[in-house]
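Protein chains in written order, with the numbering used here: chain A, 62 to 315; chain B, 62 to 315.
Hints in this document: simulated from the structure, not taken from any laboratory.
Think of the CB as a built atom: it goes at the ideal place given N, C-alpha and C, for glycine as much as any other residue.
Do not rely on the hints blindly, as some may be mistaken.
Unchecked claim - Far from chain B, some chain A residues (derived; all Cβ distances over 12 Å):
hint: 1; residue: Pro75
hint: 2; residue: Ile91
hint: 3; residue: Glu98
hint: 4; residue: Leu123
hint: 5; residue: Phe124
hint: 6; residue: Ile138
hint: 7; residue: Thr140
hint: 8; residue: Lys149
hint: 9; residue: Ser193
hint: 10; residue: Asp198
hint: 11; residue: Arg256
hint: 12; residue: Ile286
Unchecked claim - Partial list, computed: chain B residues near chain A (C-beta under 7 Å):
hint: 13; residue: Val102
hint: 14; residue: Arg113
hint: 15; residue: Phe117
hint: 16; residue: Asp298
hint: 17; residue: Leu308
hint: 18; residue: Phe315
As the list claims (entries may be wrong) - Across the chosen pairs, the derived CB separations fall in these ranges:
hint: 19; chain 1: A; residue 1: Phe246; chain 2: B; residue 2: Gly238; range: 33 to 39 Å
hint: 20; chain 1: A; residue 1: Tyr249; chain 2: B; residue 2: Tyr249; range: 29 to 35 Å
hint: 21; chain 1: A; residue 1: Gly269; chain 2: B; residue 2: Trp266; range: 33 to 39 Å
hint: 22; chain 1: B; residue 1: Leu214; chain 2: A; residue 2: Glu234; range: 52 to 58 Å
Number of protein chains: 2
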Amino acid sequence: MRILLTNDDGINAPGLAALADEMSGHGEVIIYAPVSEMSAVGHAITLSDPLRVVEFHKNGRLFGHAVRGTPADCVKIATWVLNRQDRKPDILISGINLGSNTGINTIYSGTVSAATEGAIFGIPAIAISLASFTSRDFSVAAQFAPVVARHLLANPLPPGVFLNVNVPAVPKEAVQGIAITRQGFTNYIEEYEVRRDPHDREYYWLTGEKMEVETNSDIDDRAIIENRISITPIQLDLTCYPALSQLRNWRITF
Amino acid sequence: MRILLTNDDGINAPGLAALADEMSGHGEVIIYAPVSEMSAVGHAITLSDPLRVVEFHKNGRLFGHAVRGTPADCVKIATWVLNRQDRKPDILISGINLGSNTGINTIYSGTVSAATEGAIFGIPAIAISLASFTSRDFSVAAQFAPVVARHLLANPLPPGVFLNVNVPAVPKEAVQGIAITRQGFTNYIEEYEVRRDPHDREYYWLTGEKMEVETNSDIDDRAIIENRISITPIQLDLTCYPALSQLRNWRITF
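One chain only, chain A, in its complex shape (with noise of 0.2 Å):
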């Protein structure tokens, strides 16, 4: 099995190595990921500006490619050098990030847009992300990952679709069980903070604090809070089918 990782926290992110050092135990392991940090991105991609990647040395053993870019250029990136060389990936796993990534978040993601761009390949891809911002401690999250994987290969999901999973951050022995969830609206009540920069002149910066979670069983963030870990099926089709019918009473005429 050919096993693609990326993430969006840059390549030496701890949680990059945790999924690296499990999924090298099922299979071979390429990783293209960001040189850096690339949060909240979305499903950004580098046009009016060229590449770079260069190798990545951990431990003084090649660990994986470092790209000048986004989650998503790195999967685009990866999947174009390893289709010319008759490599193409049997799955991907975008993370471990380092925060959970539900409800409003998961259209901001940077781990998610790279899943995103596998399912655009046609590629089995999950997201897979640590629902802490302070944990160091990627196990469990790792130990899901291939559980997940091997599912996925196994009964593979319509085109353009993949999997979002969330995991708590507890010891495994508290996880509450595994919950099918779908994307719930939960969000962060946002302001900016106003600052004067060294010269006077004025700034702004984005703040921000996670609003009450819905309370329905099935929604992403509400599994997190009940220490289950969340799986959402997501798709690349954004059409809100149940207002076709609606816009065309409208009978717009121009």
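Given chain A's structure and the hints, the job is docking chain B onto it.
Leaving out everything else, chain B in the frame of chain A:
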């Protein structure tokens, strides 16, 4: 009516000027747009850096606010500023983009991401694009913007749903009507061009050709080819609902 405008081609782009000209006949126009071109930034937001906002003058008068950030940043900061002034916008229009935002491109689009951000804030939102990379005539798209805006305000869509409008680059009399469409899967066949810089280091540049467009007449790209205006309702919820029961049948244990 208070109309918030933004785009991803930058505050000085002719498509935004055409939209502002047209909409100023329908209400108070407020512009927050990126300082420079921000195409294919997806739903990126600026978290790790401060945001700069400066007044942007054109022809000797204030045109709008130039934001050193992404289209989503523009909508966030504009909404925050306007809410504090008790001047919440009635509608958000993002565009007019130079180049269509259809098929898989919808996912990469900064123009669409600004409308997404509007929908997150509960503002009726429209992304509007001209299906040409070379035309400089935004007049038909500009004239259509208030038409679709009026319908949207009269017939609110469900929360988290907004409109992605693409206008063919033809004279008004050649427009073959309006199509309510779904997002297709038309994509680019991508290649990287490998080059060497003056220091003999390798770099890559993304290139691509649009693949054949799907033939189904209710697909966004198809409508454009048939010189119809395409309107696709887009939703924030990325969940693939039909896959939920499939995943529950996996009965994953961990």
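* Violated constraints from the hint list, given by number and in increasing order -> Violated hints (numbers, rising): 3, 6, 7, 11, 15; every other hint is consistent with the structure.
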